[in-house]
Every structure is written in structure tokens, then in C-alpha cells.
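Enquirer: For reference, the chains in residue letters:
Protein chains: 2
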Amino acid sequence: MHRTRVRVVEGVLDANDTIARANRADFDAADVTVVNLMGAPGSGKTSLLERTVNDLTGVRVGVLEGDVQGSLDADRLATLHVPVTQINTDPGFGGECHLDANMVRSALPSIPFEEIDVLVIENVGNLVCPAEFRVGEHRRVMVASVTEGEDKPLKYPLMFRACELVLINKIDLVPHLDFDLDKLIRHVEAVHPGVSVLRMSARTGKGVEDWRRWLVQAAGRVPERV
Amino acid sequence: MHRTRVRVVEGVLDANDTIARANRADFDAADVTVVNLMGAPGSGKTSLLERTVNDLTGVRVGVLEGDVQGSLDADRLATLHVPVTQINTDPGFGGECHLDANMVRSALPSIPFEEIDVLVIENVGNLVCPAEFRVGEHRRVMVASVTEGEDKPLKYPLMFRACELVLINKIDLVPHLDFDLDKLIRHVEAVHPGVSVLRMSARTGKGVEDWRRWLVQAAGRVPERV
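If you read the protein sequences in the order shown, they are chains A and D.
Each residue of the first sequence is one higher than the one before, counting from 1 in our numbering.
Each residue of the second sequence is one higher than the one before, counting from 1001 in our numbering.
Simulated from the structure, these hints should not be mistaken for lab results.
Even for Gly, the Cβ is constructed at its ideal location relative to N, Cα and C.
Misleading hints may appear alongside valid ones.
To be verified - Facing chain A, according to a computed beta carbon distance under 8 angstroms, are these residues of chain D, among others: (1) A1029; (2) V1032; (3) G1042; (4) D1067; (5) V1068; (6) Q1069; (7) L1127; (8) C1129; (9) E1148; (10) G1149; (11) D1151; (12) K1155; (13) Y1156; (14) L1158; (15) R1203; (16) W1211.
Just need the whole structure built from these sequences, with the hints factored in.
Expert: Okay, here's the thing in C-alpha cells:
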């Protein structure tokens, strides 16, 4: 039974990759860079987007919001002056814990590609399955909150390995935690040597400028000098 | 294609429930109360267990630790004087984001049922799928950290509805957050009217006594008067 199950899982992932390649071709044809933003529930993905997508110099951002249910995150972002599209993963059964390539594909007609340079896809809050399902993105980024503890890279190594950038969020809370930031970073580097790491706080704004710069560079646009 | 997928998912859940019933029969035969402890990554499930399982008056606790990879949580708990058993969800493919009844069943021979009254199963850190897979447990409890924000009950209602007790953890951090504890509790009650809610901090110990009392009562043992 176990071998059958592995085959089924591999089949699902193969089918997903085929659709992901079609998405990627559409993103490339539209000349839009797509960033898959992942992280645990409450790590601060939406707050980070609230702080950054509105006033990026030289790059127009759009957001695709993935959630199990509701439109809370999309509603928060709707107050910003960027295009926001919502996907729910729950039609038909209990709700998927990740976005897959087909869900993203179904949303493509609603995304105004001609108005944006970068599309940030906010994935469902989860440190496991989103890392296994490519959706056609060019870049993968995760948000890890210091409140989650130092051990998460060792417990969820696939997620930390899947991303080229780890945003360590909520560093303003470090003085109030029994937490060793250097230890977390050592664990990140142990599971993904050479990965880029930014320390930041979406709440205080510390480090957010580095993330903006990364987004602009990811779009392949040289930031304008202000 | 969508309808086929729904059928496959329903089939998986039906098969799971059959095994869950067999687990439940074994738990009942052993006269052990089983608590399925769920929550997001970093919500504080293991810290809570570290603070509570060691010196419960009148009830002997054992722990079954579910993790995608590694034995970090089991190692932390191994310093306590309670039986700890580890399950990893990663054999064969990328790792499951939840425990299912069959994984728990495979661990049963390693659990010293004659030495315990309560078995706490620490599920994989995830707010979606663990709520969909029963493992034969008698009681379901979740840990929700205040750092995850007030909106999580609305975004992950199935998890909040699945549990009869919601432990709101890390309340010592509230003064350092832009966070409204009453609003979180209103959201919990909106998706699951009448659910029990305990406010606590595994770090400072505040509220932990209420959780101990709940565990003792869940085991059906009247707590000894000290």
C-alpha cells in the first residue's frame, strides 16, 4: 500500500509540474516576475505586503492571495493601490493546505498582467506542502517569525531549502523572547547553505528597505536613484 | 477532474476513519484517554508539554510526537520523566503535513499503555489538514499563539471548530504586539460558539494550572486535593 501511495503522490506532483510550466510560460510571455511567498500562519506575510507593495519605486506590484477560506487578506490589501486577486482553496471539500499550479492557473484570467511588473503570490500559511507544489513562479521566498523558535529550519527543512530568500520577521520581539537569533540563522544555513537571509520587522519597518530592494532586483529592473 | 478529485479525497478520509476507529478501540481497551494536540508551527505545543506533563498529580502522561523530520521535540521531552514515542511523516516522499490514523496505528506497539493514563499526541504544526484526519483520539485541543494575529479563526475555521479547547498561548507578549486579545476570542467564539478557551503562557506559567486541571479531568480522574 505504501508503494502505491508514493506512486499516487508522485503522479500528483508530475501533473502539477506540467501545469506549473504552462503558468511559467504565460508569466514569461507577459514579462511579469512571479514570487511565491510562503511561511507559517501568522508569520507576517500579509503585513509585510501591506508595508511594501504600495510605494515601490520603479516596479508595479500585483498580489494573488491564497487562503483556505474567506477574503480577509485580500480585503486588507484592497486598501492599497495595487491589483489584488483572491483564490480560495476550499471549494468542494475541506480546503487544501497549499496552492497548486491548477488553482493559480484558474486565477490567471483575473490578473491584470499589463498593469504589473511583479506578481507576489501569497501562499496558504503552512511550512510543509507549499514547498512541494510549484505554481510556475520564478522566485521563492519565505517569511519566518522569530516567535516560531530557532528549531523550525531543522523541522521543516524542505521549505527552508526551497526558498532562495528567508525573511526573518518580527525581530522587534526578540528582547521579549527566550530566543537566540544567531542560532536560528545557523540552523537556516545548516539546511540551506548560502541562502540569502534578511532580518526585519514588518511592524517597525526595520529591514523592510532591503526586502523592497530585493523585490525590485527580482523584477530585473534597476532601482531608480532617488 | 474536480469531481474525481473530491471522490479520491473522500475515499482517503473514509479509509482513515476506519483505522481511527480501530485505534480508538485499542485506546479504550487500554483505558487511556488520548488527546490530539494541534496548532501552527511555533505556537508552543512542545513548550506547553514541557511545562505540564512531568508533575501532574494523579495522572500519568505519555507523549506521541509527530514531526515531518527529525526528533527535536521528542529529544526535548526525553529529559522529562514520561514515556515519549516519535513518529516521522517523511518516509518515502516529501513528508506529510499531518498525522493520520495509520501513522498513529504504526506507533501503537511502541507506546507503554500500561504505564500511562493519558496519551497526548502532538500533531504536525499546521492549521489545515490535522483537523481533517482523526487518529482515534477522545479529545481535540489546539494551541493558538497571540503572535499569529486575531484573524486566524476566520481563516482556518475548520481547525478552531474541530477542537473542544483552544489554548491561547504567549499572552505575556501581548503588550509588545499590535494585537487585541478580546477580538481574537470573539473570532474564536464566532466560528465555534461555546468552545472552551484558556489564556496562558507556557513561558511564564500563567494559566498553565488551568490546562493541567483540564488534562486531569479529561482523563476522568478527580484531581487529588493537595
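Enquirer: If a hint holds in the structure, say so; if it doesn't, say that too.
Expert: Quick rundown of the hints versus the structure:
1. A1029: violated, 25 angstroms
2. V1032: violated, 27 angstroms
3. G1042: Result: holds, 3 angstroms to nearest chain A Cβ.
4. D1067: Check passed: Cβ of D1067 of chain D comes within 6 angstroms of chain A, closer than 8 angstroms.
5. V1068: holds, 6 angstroms
6. Q1069: Where the cut-off is 8 angstroms and the nearest Cβ of chain A is about 6 angstroms from Q1069 of chain D, the hint holds.
7. L1127: holds, 5 angstroms
8. C1129: Constraint on C1129 of chain D satisfied, holds at 5 angstroms.
9. E1148: Where the cut-off is 8 angstroms and the nearest Cβ of chain A is about 3 angstroms from E1148 of chain D, the hint holds.
10. G1149: It holds, given that the least Cβ distance between G1149 of chain D and chain A is near 5 angstroms, below 8 angstroms.
11. D1151: holds, 5 angstroms
12. K1155: holds, 6 angstroms
13. Y1156: holds, 6 angstroms
14. L1158: Cβ of L1158 of chain D sits 6 angstroms from chain A, so the hint holds.
15. R1203: R1203 of chain D check passes; min Cβ-Cβ to chain A is 7 angstroms, inside 8 angstroms.
16. W1211: With a closest approach of 19 angstroms, the W1211 of chain D hint is violated.
Against the hints set out earlier in the document, violations occur for numbers 1, 2 and 16.
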